[in-house]
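Chain by chain, the residues run as shown.
There are 2 protein chains.
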Amino acid sequence: MTVIGIDIGGTKICVGLVDISGRVLLESTFPTSPRDGFHTALAKIVKTIEHVLSQTDKNTNAISGIGIGCTGPIDPLRGTVHNPYTLPTWDGCDLVTPLRERFGVPVRMENDADAAALGEYAFGAGQKMNPMAMLTFGTGIGFGLIVDGCIYRGVDGSHPEVGHIPTKLSEPECYCGMNGCFESIASGASVDRAALKIGLANARAVFAEAKLGHVRATAIVDEVMQATTTAAWTLIHSFLPERIVLGGGMIDDQFDYFANAIQQAVAKSVMIPGNRVSVVRASLGNLAGVVGAACLVLKRRQTGS
Amino acid sequence: MTVIGIDIGGTKICVGLVDISGRVLLESTFPTSPRDGFHTALAKIVKTIEHVLSQTDKNTNAISGIGIGCTGPIDPLRGTVHNPYTLPTWDGCDLVTPLRERFGVPVRMENDADAAALGEYAFGAGQKMNPMAMLTFGTGIGFGLIVDGCIYRGVDGSHPEVGHIPTKLSEPECYCGMNGCFESIASGASVDRAALKIGLANARAVFAEAKLGHVRATAIVDEVMQATTTAAWTLIHSFLPERIVLGGGMIDDQFDYFANAIQQAVAKSVMIPGNRVSVVRASLGNLAGVVGAACLVLKRRQTGS
Numbered sequence: 001m002t003v004i005g006i007d008i009g010g011t012k013i014c015v016g017l018v019d020i021s022g023r024v025l026l027e028s029t030f031p032t033s034p035r036d037g038f039h040t041a042l043a044k045i046v047k048t049i050e051h052v053l054s055q056t057d058k059n060t061n062a063i064s065g066i067g068i069g070c071t072g073p074i075d076p077l078r079g080t081v082h083n084p085y086t087l088p089t090w091d092g093c094d095l096v097t098p099l100r101e102r103f104g105v106p107v108r109m110e111n112d113a114d115a116a117a118l119g120e121y122a123f124g125a126g127q128k129m130n131p132m133a134m135l136t137f138g139t140g141i142g143f144g145l146i147v148d149g150c151i152y153r154g155v156d157g158s159h160p161e162v163g164h165i166p167t168k169l170s171e172p173e174c175y176c177g178m179n180g181c182f183e184s185i186a187s188g189a190s191v192d193r194a195a196l197k198i199g200l201a202n203a204r205a206v207f208a209e210a211k212l213g214h215v216r217a218t219a220i221v222d223e224v225m226q227a228t229t230t231a232a233w234t235l236i237h238s239f240l241p242e243r244i245v246l247g248g249g250m251i252d253d254q255f256d257y258f259a260n261a262i263q264q265a266v267a268k269s270v271m272i273p274g275n276r277v278s279v280v281r282a283s284l285g286n287l288a289g290v291v292g293a294a295c296l297v298l299k300r301r302q303t304g305s
Numbered sequence: 001m002t003v004i005g006i007d008i009g010g011t012k013i014c015v016g017l018v019d020i021s022g023r024v025l026l027e028s029t030f031p032t033s034p035r036d037g038f039h040t041a042l043a044k045i046v047k048t049i050e051h052v053l054s055q056t057d058k059n060t061n062a063i064s065g066i067g068i069g070c071t072g073p074i075d076p077l078r079g080t081v082h083n084p085y086t087l088p089t090w091d092g093c094d095l096v097t098p099l100r101e102r103f104g105v106p107v108r109m110e111n112d113a114d115a116a117a118l119g120e121y122a123f124g125a126g127q128k129m130n131p132m133a134m135l136t137f138g139t140g141i142g143f144g145l146i147v148d149g150c151i152y153r154g155v156d157g158s159h160p161e162v163g164h165i166p167t168k169l170s171e172p173e174c175y176c177g178m179n180g181c182f183e184s185i186a187s188g189a190s191v192d193r194a195a196l197k198i199g200l201a202n203a204r205a206v207f208a209e210a211k212l213g214h215v216r217a218t219a220i221v222d223e224v225m226q227a228t229t230t231a232a233w234t235l236i237h238s239f240l241p242e243r244i245v246l247g248g249g250m251i252d253d254q255f256d257y258f259a260n261a262i263q264q265a266v267a268k269s270v271m272i273p274g275n276r277v278s279v280v281r282a283s284l285g286n287l288a289g290v291v292g293a294a295c296l297v298l299k300r301r302q303t304g305s
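Chains A and B are the protein sequences, given in the same order. In terms of my numbering, the first sequence has 53 at position 53, counting the first letter as 1, and numbering is strictly consecutive. In terms of my numbering, the second sequence has 221 at position 221, counting the first letter as 1, and numbering is strictly consecutive.
Excised from the complex, chain A in its bound form (with noise of 0.2 Å):
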């Protein structure tokens, strides 16, 4: 059995072949270039599911099913796209129709944190643990949970906006209408933006400049962790996960400064039985997102309703 897996982000869209061990058979990326409209991408998707195709020994109707994670919002019960931030032109379409249509399977779509999440829990590092909680550190900041194998939902299937925590009352300002988000501290672009403003080129040189004892660098680097260790407090009272797996670009370079600013809430707290939440790393690496799209369509039992 053989699926594919499809991560849409706002700049690269990757299309790959899985089969049922989560495996990456075959993979094919291209820019996502927003500004073409949906249906030039649509009609990319369409091309490339089909050439991946062609290069295997399988036809089309090989193909069990196709999954997709795509940067939200989304509505994963309607199957459409509603992110005016990242894929503007994309607002409102309808991508899982026309897949479902032209390919004749199954299809799928979920907010690419949620994948991701379900791929870490399928195939990585969270199998078993249970409520499973994966948070992504890249641009924004990314959440899904995994509670008994399947996607925790909100009302009308919609997905934790975790990014949004307050973790502090006065700044800086957000675009979701708080102030002081975790996002708005922590995430990528926002230590980009801070990095700019002292004459530093972007999160990675904060981090490595703040190693090196740069004042400015460092107090940055501070505002971050206590974000993170405030922000990982209230996951951890809220959600109670077994496992909190760690993501996303600013994860491969500074995965011990987050584990540790989210073990310091962990070690800190005393409602928590036992102190049951580990802190790892994700183990999928640049494709978690293709696998963590085919899990939806995978293992049926792992994908919640």
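If you're looking for bench data, these hints aren't it; they were derived computationally from the structure. Since the structure is predicted, the reported quantities are computational estimates derived from the model, not experimental observations. It is possible that part of the hints are untrue.
To be verified - With a straight-line Cα cutoff of 25 Å, these simulated SDA-like cross-link-like pairs (lysine to any residue) come out: (1) A/K268 - A/K197; (2) B/K197 - B/Y175; (3) B/K12 - B/G138; (4) A/K128 - A/R102; (5) A/K168 - B/Y175; (6) B/K168 - A/D156; (7) A/K128 - A/T139; (8) A/K168 - B/N275; (9) A/K268 - B/N179; (10) A/K44 - A/R102; (11) B/K268 - A/D156; (12) A/K268 - A/Y257; (13) B/K268 - A/C176; (14) A/K268 - B/K12.
Stated by the list, open to error - Per the computed footprint, the stretches of chain A lying under chain B, defined by three or more beta-carbons under 8 Å from a beta-carbon of chain B, are: (15) 152-161; (16) 173-181; (17) 221-235.
Idealized CB from N, CA, C, for every residue including glycine.
With the hints as your guide, set chain B onto chain A.
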């Protein structure tokens, strides 16, 4: 089909006979007297169940289960009490096994906030809402979340402790190890403490004086409402409930204050699809605990695992 529902608080224990439609047919209440020790309380519970059953036409065999909602922390999987704060002499005691052996029926125990939430979901103000959150403003702050008809659980069956969401990062210090927790500002006990500092008798007097324009009482109410708005923002963005049901002693008199504070967070949020969060008052009244406890054994479909 009738069952026994037992609501155990730090002050009193209520035992009720509940039918399949959630009606309390008979009930009996007595003091918890935690100083007398666990075994005295257990003997009183057994005697009261026997008393309640003797008052009906049915014999002991007629009840099909016993549900217990107990002030936590408790371990719902093992049926043991771990509450050194209000039930110190019960610490580690197993309440489930002796009742199961004595009455020969299934016995289940949950945190009282979870049981109350299940009661409101099954028969009260949260029917058909998914997910449904219940927030209780009593001596402390209680919380329960019902997802797909089941109680949300963390690792090892643990219970969300949303009273310990930080809503300020400065003070007051909370017994949980964090500063500025929701519970340490907005619970009945916290407002009682704040009242004493300004020469007022209790929380009720603070709200009454604030309505008359008392400056320092108004400042306390404002701080409680700001903490409530901040905590609600976090809860809404984490759990995305369809409805928040408010209960507890403070809500009886001050529902409008707390509902408005939560509605402010709902109205301000742009991340929640269609702002689909309603805030309503709990409807099961002072027998909610008994009805909720009964639900644990009344409808297997709705009680989760």
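Taking the hints in turn, this is what the structure says about them:
no., hint, result
1, A/K268 - A/K197, "violated, 33 Å"
2, B/K197 - B/Y175, "holds, 19 Å"
3, B/K12 - B/G138, "holds, 14 Å"
4, A/K128 - A/R102, "violated, 36 Å"
5, A/K168 - B/Y175, "holds, 21 Å"
6, B/K168 - A/D156, "violated, 31 Å"
7, A/K128 - A/T139, "violated, 29 Å"
8, A/K168 - B/N275, "holds, 24 Å"
9, A/K268 - B/N179, "holds, 12 Å"
10, A/K44 - A/R102, "holds, 13 Å"
11, B/K268 - A/D156, "holds, 19 Å"
12, A/K268 - A/Y257, "holds, 17 Å"
13, B/K268 - A/C176, "holds, 8 Å"
14, A/K268 - B/K12, "violated, 32 Å"
15, 152-161, "holds (count 9)"
16, 173-181, "holds (count 4)"
17, 221-235, "holds (count 4)"
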